[in-house]
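Protein sequences appear in the order of chains G and H. Numbering of the first sequence is given in our numbering, commencing with residue 2 and proceeding in unit increments. Numbering of the second sequence is given in our numbering, commencing with residue 62 and proceeding in unit increments.
Among these hints, one or two may not hold up.
[Stated by the list, open to error] Under the rule of at most 20 Å between Cα atoms (straight-line distance), these lysine to aspartate or glutamate pairs were calculated in the EDC-like manner:
(1) G:Lys356 <-> G:Asp336
(2) G:Lys293 <-> H:Asp88
(3) G:Lys273 <-> H:Glu216
(4) G:Lys360 <-> G:Asp412
(5) G:Lys128 <-> H:Glu216
[To be verified] Just so you have them, the derived chain H footprint on chain G, three or more residues with Cβ under 8 Å:
(6) 91 to 103
(7) 172 to 183
[Said to hold, decoys possible] If you only want the chain H side, here are some residues facing chain G, beta carbon under 10 Å, derived:
(8) Asp88
(9) Tyr89
(10) Met239
(11) Ile254
(12) Asn261
(13) Pro262
(14) Tyr266
(15) Asp268
Calculated directly from the structure, the hints in this document are not laboratory data. Glycine included, C-beta positions come from ideal geometry on N, C-alpha and C.
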Amino acid sequence: MKILLANYLRLATGILAVAFFWSGAGYADETCNSPYMSRLIKGQEHYLHVWTLGVKGLGDGSDKLVTVDVEPGSKTFGKVIHTRSVGGRGEAHHMGFTDDRKYLWAGRLDDSKIFVFDVGTNPSKPKLVRTITNFSAKTGYVGPHTFYALPGRMLVQGLSNNKNHGGVTGIALYNNKGDYISRYAMPVGMTAIGGGDGYGYDIGVNPARNVMLTSSFTGWTNYMMDLGKLIKDGEAMKRFGNTMAIWDLKAMKPTKVLEVPGAPLEIRWSLKDGDNWAITASALTSKLWLVKQDASGQWQAKDVATIGDPSKIPLPVDISITADGKGLWVNTFMDGKTRYFDLTNPEQPVQTFEKVTGKQVNMVSQSWDGKRVYITSSLLANWDKKAADDEQFLRAFDWDGKDLTLKFEVDFYKAKLGRAHHMKFTAKPQATAANESSGRLLAAMEK
Amino acid sequence: MRRAALALFAGAAFALGAAGADLPRQDYVADAPGTYALQRIQPAGNGWVLAGNYVPRRLSTYTHGAITLLSFVYTYCTDPAGCPLAYNTFVQVKERVSEDPALRGKVRLVSLSFDPTNDTPEAMKLYGGQHATDKTVPWHFLTTYSLRFLLPILEDYGQEVELDRDADGKAMRTITHMLKVFLIDPDGNVREIYSAAFLNPEVIYNDIKTLTLEASPASGPVR
Chain G
2 MKILLANYLR LATGILAVAF FWSGAGYADE TCNSPYMSRL IKGQEHYLHV WTLGVKGLGD
62 GSDKLVTVDV EPGSKTFGKV IHTRSVGGRG EAHHMGFTDD RKYLWAGRLD DSKIFVFDVG
122 TNPSKPKLVR TITNFSAKTG YVGPHTFYAL PGRMLVQGLS NNKNHGGVTG IALYNNKGDY
182 ISRYAMPVGM TAIGGGDGYG YDIGVNPARN VMLTSSFTGW TNYMMDLGKL IKDGEAMKRF
242 GNTMAIWDLK AMKPTKVLEV PGAPLEIRWS LKDGDNWAIT ASALTSKLWL VKQDASGQWQ
302 AKDVATIGDP SKIPLPVDIS ITADGKGLWV NTFMDGKTRY FDLTNPEQPV QTFEKVTGKQ
362 VNMVSQSWDG KRVYITSSLL ANWDKKAADD EQFLRAFDWD GKDLTLKFEV DFYKAKLGRA
422 HHMKFTAKPQ ATAANESSGR LLAAMEK
Chain H
62 MRRAALALFA GAAFALGAAG ADLPRQDYVA DAPGTYALQR IQPAGNGWVL AGNYVPRRLS
122 TYTHGAITLL SFVYTYCTDP AGCPLAYNTF VQVKERVSED PALRGKVRLV SLSFDPTNDT
182 PEAMKLYGGQ HATDKTVPWH FLTTYSLRFL LPILEDYGQE VELDRDADGK AMRTITHMLK
242 VFLIDPDGNV REIYSAAFLN PEVIYNDIKT LTLEASPASG PVR
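Bound-form chain G, shown alone (with noise of 0.2 Å):
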């Protein structure tokens, strides 16, 4: 604290330049996080956070979050630096940063707990702060998926219910203190704008437009259930989610239902000025959808691509769009494959390049740049591989436009540290113009 103190001592000797306001009118972050999140990496990340699940009898056995250094030339680059067990085993899956990117809320689709971790203070080693445990009990969803910031305000989108664990459900809003506020339930059975399963994943917002886009998947039931017996089963897999919602964002009110067969999961608006279009990818058709708006002005979703040979049901789960908008990352579960679209015409997105990154992959994430590309390779627990295909990593490629080059690995079993899933990049803080929070500060002028 003295030397922050030192610092802010310092300032005094010279003319400052002061830049106060950030605009939020560079959409996104590197490149799939909400708009209205500041602090944008647009040069190198420099920690890689990793929501982690924990396996019976490997390392502590606990979800955790694992922060890995991303820095070239770090002599701890590739390495786990730091690791943050939160006990127990609950299905741990998606973050998402505050607005101010100080605190990353991680969920459990299991036991409905999220954690809260500061990642603003060191994000070298963060810090739970807190705990919500009420999510379930507050709203009566179950699973809190996508973390999504409004100013002051987290969304969190839920995947199923406590009344049945099936797939309808809905979204909480708290407030950035972690306070709950209010719950939307997800449209359903709404002839007036065109029904609705009730099912929820993903959400994505269109300032521009005051547009709110909400993807679906499947319930409890469904997402904790053995994959190999679940494909078995007939009358599950009926219950995936087969719709896109339009919301009204600043009334929080679904506003049209889109027939997006196969359960539509992440959404990806464009990030280029003007663009006011997002593309999904339904996992079991195996299909691109693009969502714009006709020449009427009304929003529809139309299948624009396949990806991979669907009949053999490839599973596309994560993808990426790159900050011009114009090209997209797919990770294909089920052939370990990582694929690359050229959007530059989004109707017709072409397939320019596949190459095997794993024996199963998930999530992928790139720079703001995207001239580095990782892969986590775990789904679900139950959804994993077995045996030797059930590999658990961090891979870390370079892109150069042709080929992806691996530049490090993290075996995340042989670290006992368990399943790698969803990633998040933080900065030291000189890269993303964050420093001391005013309590810091006060904290530190008191002393």
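On the provided structure of chain G, position chain H as indicated by the hints.
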């Protein structure tokens, strides 16, 4: 500390003027008042502030009893997507409110300085110009005695103060803030937080109208 803060904020105008920024697109028609609900996000922050007469008052004096639009500013900011955007938005909202008889006496605006050293009560009054004295829609230009009094308020609102650092970890000569404007109901609850991505005067006006549809009439003149 006051001198430190003075230096901290000096020279901002030049830097901000050079920085520039694209204003966010807002290609939609604002929802009509009363067709949606504004959630109670958090209690409005509190603390000691100074107005033109240097008499300390609780900030809650300016955030209760009327619908309040509050933002943090500093007088020499020139970032087109920062203070000027907030100021111009406030002016537009003020015009709309003053033209609406149903809102008379129900709305106030508050601009609270980030820089208590440079932005003295006199400087804030000068910054406010005619708006500081025009009583049709009260617009209070406030500051604090020092950063010690300001920072807890910023913390309450979730409006951070941050210093850049260079590659060696040393504090640089830049500070970054994310623009936030807070809409507060007469009971002192924050009901909306606007960032630049949707700082739309029409939306704010409709939000104010929405709050009036649920609020009881003000019992006395708005201070």
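Original post:
Among the hints numbered above, which are violated by the structure, and what are their numbers in rising order?
Top reply: 3, 13 and 14
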